[in-house]
Structures are given as structure tokens and as C-alpha cells.
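Produce the complete structure using the sequences and hints provided.
Protein chains in written order, with my numbering: chain A, 29 to 191; chain B, 5 to 572.
Just so you know, these hints were derived from the structure itself, not from any lab. As the structure is a computational prediction, the values presented were derived from the model and not from experiment. Quick reminder that beta carbons are idealized off the backbone N, C-alpha and C, glycines included. Possibly wrong hints are sitting among the right ones.
[Said to hold, decoys possible] The list that follows gives simulated cross-link-like pairs (lysine-lysine, DSSO-like), each with its CA atoms no further than 30 Å apart:
1) K89/A <-> K296/B
2) K305/B <-> K89/A
3) K56/A <-> K304/B
4) K305/B <-> K359/B
5) K71/A <-> K192/B
6) K203/B <-> K89/A
7) K56/A <-> K411/B
8) K71/A <-> K177/B
9) K541/B <-> K498/B
10) K71/A <-> K214/B
11) K541/B <-> K89/A
12) K150/B <-> K56/A
13) K318/B <-> K107/A
14) K411/B <-> K359/B
15) K304/B <-> K89/A
16) K528/B <-> K56/A
17) K565/B <-> K541/B
18) K411/B <-> K528/B
19) K541/B <-> K56/A
20) K89/A <-> K565/B
21) K192/B <-> K107/A
22) K56/A <-> K296/B
23) K150/B <-> K89/A
24) K56/A <-> K305/B
25) K89/A <-> K318/B
[To be verified] Calculated from the model, a selection of chain A residues having no Cβ within reach of chain B, i.e. all distances over 12 Å:
26) G82
27) K134
28) A138
29) E143
30) I156
31) S159
32) S182
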Amino acid sequence: MTERFILIVITRNAPGVLSRISSLLRRKLFNIDSLTVGRTINKQESRFTIVIDGDESQANKAALLIDRLVEIRSVQVLKPSQCLRREIVLARVKISSPAQAELFQKAEAAILSQEVSKENDQTTIELIDTSQKLDAFLEKLIQADIEVLDWVRSGIIAMEDPN
Amino acid sequence: MTGAQALLKALENHLVTEIFAYPGGAVLPIYDAMPGSSIRRILVRHEQAAAFAAQGYSRSTQGVGVCLATSGPGATNLVTGIADAMLDSIPMVAITGNVFKHLIGSDAFQETDIVGICEPIVKHSYFIESADDIPRVLAEAFYLAKSGRPGPVLIDIPKCEQMAEVSASIQAKLERNEGFDLQLPGYKLPPTVNETAIKTAAQLITEAKKPVVIYGHGVVLSNAEADLKAFLEKTNIANVWTLHGIGGYDNTADLSLGMLGMHGTGAANFAVHHADLVLGIGIRFDDRITGKLEAFKSNKKFIHFDIDSSEFNKNVPAVVSLHGQIHDTLPALTKALKTGLATQYQTWNTTLISKKNAWPLERGPAEKLTEITVINQLYSTLGDDDVVLVDVGQHQMWAAQRFFPKKSRKFLTSGGLGTMGFSLPTAIGATFSGHRVWSISGDGGFQMNSQELATIAQDNLPVKIIILNNSFLGMVRQWQELFYDKNYVDTPLKNPDFVKLGDAYGIPSFRATTPDEAEALIEKMKHHEGPILAEFKVEKEENVFPMVPTGDSLGNTLLDKNHQIDAA
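If you want it as C-alpha cells, here you go:
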């Protein structure tokens, strides 16, 4: 059964690490659903959050293969339910009527959001939530016939949930 | 001191005495510095041969071979040899020049992204950003190549960093031959022995009725030959081996059943097919040994020893995975076992020995010259320290079935990648082991690197070159015969006169066409100093048996065209 797994990978902050990891996953035919990377509090390290589709044995296999790369410090395999997950979206929309404005406000209220720029009828907002909630937000805009001029997602970042 | 001089000094400090190399524009600063170095250059005639010669050095000694090539085509010519080293876990350091840093990415003349190209086929790779990094990176490269699961490491050095002056402190450290601190914080060496896993493994062995050991390259790479011997002699478990396991244990012992797999012996394939417990020691359960995986896995349990945890459960599920150096895990298991298991396995072992006796390997017709004849003749004349390199194809399998060297690292071949043209250039590197070196190729594979006759002649390298000429790409022809109705498309070869070819390079060259001539010629080769070439005109359409057709089960091993082991 296809599920989703989250790999949290700590690496040396060195050139080429991203390419080594992504090309490894490609050549072993894993499906990457999302991949994000950034520095940790230690400037020498990078932290990857990789979401892959596959069963648990495939996720563990991917982890072992990634861990074999010389610059990898640690790999953790987690189920989505074991993680705190967030994704950020920047969305620029065009509001054409007061009715749309009302629906838009309602959708915004259901999610952590903030207006980052506004010019005439174009509004750009920032949204932070789980991927599912962000999908639901987009769905609401489509249903309200609100024109989405631009839409960018960051990919998922995740951290183990202590609970 | 320039980066180029620092590179050579660092190589000397790592006790490198020769490099296999080919010059070119992007390595000129290194070549310019070479006359000041004690390192001997072996000038190959194609960079692929440099990579294979470096491997030959690594495979036949316990050292790390080094090859060097220029940027662009020089670097890409190394690729096959690097991929081959990766698949066979051979330590090697490959050094390439690249264009000036300010030209990188501009599609400059002879620029290629060799680090990118090689990424899937190296253990690790480096692009040198600063000449000062060269000695540390070299130290890391040697360490990575050799430690843990060995493999090739690539160092790409742009020409500007070969020319740049290194800092005074780096120069001083190099001149004093001081160590450089490795910066490998994430690199993990295999763990120590897991006692719980050892206990479980011992329990499984104690409960087994039909156990068999498959051992492979890991035993050799881990220098665990004596540990394997102690284990097998204490437990009396029957053993079979992979292509790279040859020589890891006494291949002639009663319970040594032969090589396993597609061209394994009937007894070896029978044993693994019917076993209730398989101990895979330093093997990766490659498709060439398992045959049909479902059949291979069924009705048995596995204990898997490996240094690389990503090998566990890759192809077969193991009840116990013993992660670590085999020279640590195997003695721990031996110690945990009681004696007297021989009685428990007696019925099974008796069956296996009777199969081994019932299904001997064919010897070939006495009156005709076949590859089997030459291989048997050569085998009977070999000294204990002789190194034999075979190429890829029918002769490789015939030799693998029949060569039982008393030591490991004596039968060298391209296992994982199966590279035709392997034998001759790899033999060049193996001559530096100081032992007598025999290179066997077919007429097809020989021509993939025959330009190396020039290298051998120029340096008077003592390679005894055997060409088994059946005027076919024999293994492909065999498949065309058996599975494609003898549709021999592009497998018949019109060959040059190999004796004239060898003579043209100034190498004494001879031909044999009968078994008697062959015997005399091999004897002559054995006692000849320096390089010598011999062409053996052998029967054209012989087939390698036993054989497991692709995708079939080991239980359906064909002993010959008409007999399967489980029906026999």
C-alpha cells in the first residue's frame, strides 16, 4: 500500500549534497513528493525534509541508502502522524466582487494567514499550515471563482512531534 | 610549492609508488612536476586502461591504486573503470584535471562535469576549490576508498589550483610528512558486534537441518579468510561461493560444492535451492546468483553478514542481519556455537557430496582444443601466488568454475559490471603485486583494450597474455543459440592475426591449435621473462554448462542441454 513517509536528513553543509541525495532517490526510482532544505542552528549543517511516496520498507531502504553517502550525519524516518508539519504558501489573487471578497475572508479565517501586499484588486497573502489545509484553501478559492494569479508552495518542513 | 607539486608530494606521503595515467592539457602542471617526484608513471594508451590498471593494483595487493587523466574526454574515458570499481567494491583514487575555475560552466574546451557524471558510480567525489585543500582531500580519499565498504573516490582539480601556490604551512606539513585532519564528520564506520544478533544466529544454526554457506567478496575485502575457515571447520556446514569469493576458502574441500548461480555447479545450486538455512557471508544476493528470486527465497531462512547495512533486505529478507566487518562478526558467531553439529547435518551433507560426485564439470573432448582444455592446462601449471585475470564471457565462467586458487586475490575479474576489455589493462596493475600475472581474454574482449599492448611493451611489464579465440562473441552466441534459434546476429568476428599484432608491438607472440601445442605453449609462457602473448585457436561453438536460464530457479539448473538437476 502506498503511503507517505517523511525523512529528516541532517547533512554537512557542503556543495553537492542536494544533488547527491536527489540523484540517489531518482536512480533508485523513489517518488519525491516534497523536498526542502535549509541550514540548522549549526551553520556547518543542513537539514532536509524529504517526503516520499512508498511503503515502510521502501522508506527504510531510502534512509539506508541516503545514510551511506559520506556527508550524511543522520537520517530519521517518520510517518506524517509522528511529525509537526508545516508548509508556507504565497498566493496572489484577484478579487472581482464584494461577494468574492467575503468568501475570500472566510477562507482566510480558517487558516493562519497574513496579507503581505495589496494593489488595486490584487492581494498577495502568506499562508502557513499543513499541506492538507492549504489544499482545502485553494479548493475554496476555486469554488468561489477567485482568480489565482500566482501560487507558490515551499514544500514541507517537519519535526518530530514529542507527543 | 604549487598545487601540482603538493599533489605529488601528498601521493608520495601516502606511499604511492606508481600511477596509471595519460597526459593532456588540463593536467599539464602535474606532468610538469612529475620529473621531480619518485612516483613512476605508467603511460597507458587509453584512459579506461588507467582506471582498470589502478584497480588491478588494488585487487591484487591490499593497496589503493591511483589513476590520472585530463579533463573532458580523458575524464569520461575513466568512467567505465570507475563504475566497475564501484560495483565490485574496489578501492581506487581517480584524479582528473579540469579547466580553469573561471571557465567552469562555460562549455570551455575539454570541459565536462566529471563530478556530476560520476556521482552515481563513486563512493565519494571532490572538486578542489583551493590548492590548499589538496593534501587533506587526498588523505580523505585514501581513507574513504579503503575503509568500510571500499570503493572509488574521484578528485577533480581545476588547472588553476594545480598552478596556484599552496600556503607555507601546508607546504611545511607536507615536507614533514605530517598527517592532515580528516573532515568527515558524518562518515560512519561499521558498528561493533551485536551480541543479541549473534545469539539468534547461533540458535538458527543449531536448529537447522540443511544449512549452507554462501560466501563472497566481503570475506576477501574484510581479510576474513581464516575466520571463514575456522567457522566452516567447526560447524561442518557445506559451502558454495560467488564469483568474487573464489579462493576465500579451500575450494577443493569435501564440502566445498562449487560456485553458485547462473553458471554455478549442479551441487552448489542444488544445495542452496534445497537448504533450510542460508548464511550469506559478504555477499549481496545479486541476480546472477539467486536466479528467480521467489524460488530462491522460499522455504528457507537467511542470516546475512555485510558491512553495508543498505544491503540487508535488499534482495532477500534476513532473519538475522550481522552488520559489521566479517572479521569481527564471524569469529563471534563461531565462538557462540557448540561443537558436534556435524552429526546433525550428516544426512544433508552426505546428499550434497553425492550430488557433487554425480555431477562433475565437463572436461571437454581430449582430441580437440577447447577453452576448457586450455583453462585446465593453465590451472594445473599455476603456482600458488600466480594471479589470473579473466575477461568477461564464456571463458570467464569456464575458468571461474575450475579455478581453485589456494589464496584469495588470485582470480580477478569484473563481476558486477561485467566489463569486456577488463583483463588486459587490469593485468598491467596486477604486475605490481610482484607475482606472476596471466591475462586471459576472448577474441572479443581482447580487442576492447588491445591498445594496451603498447603500454606493456613500453614498460616491459611481465603479463602473460592468453587469447582464447573462438571467432565469436561466445556468450552472446550461446544465448542466441539457446534462446534465439541460432540467430547469430553480429556475434561472428572477423579477427586480426593476433600473433602478428603482438609481434607488431614487439611482444613475443605464439599460436597453438592442438591440445599438445597448447600444453607446450603454456609451459613456455610460464618460464618466459617479460611480456608474452599466445593465441589459442579453440573450438567455435561450445556452450557453458551448468546454466540457469535468466529468470529461472536454481532448482531448474541445466547440467547440459537436456538435463535439469531436480529431474536428474
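List in ascending order the numbers of the hints, as given earlier, that are violated by the structure.
7, 10, 11, 16, 19 and 20
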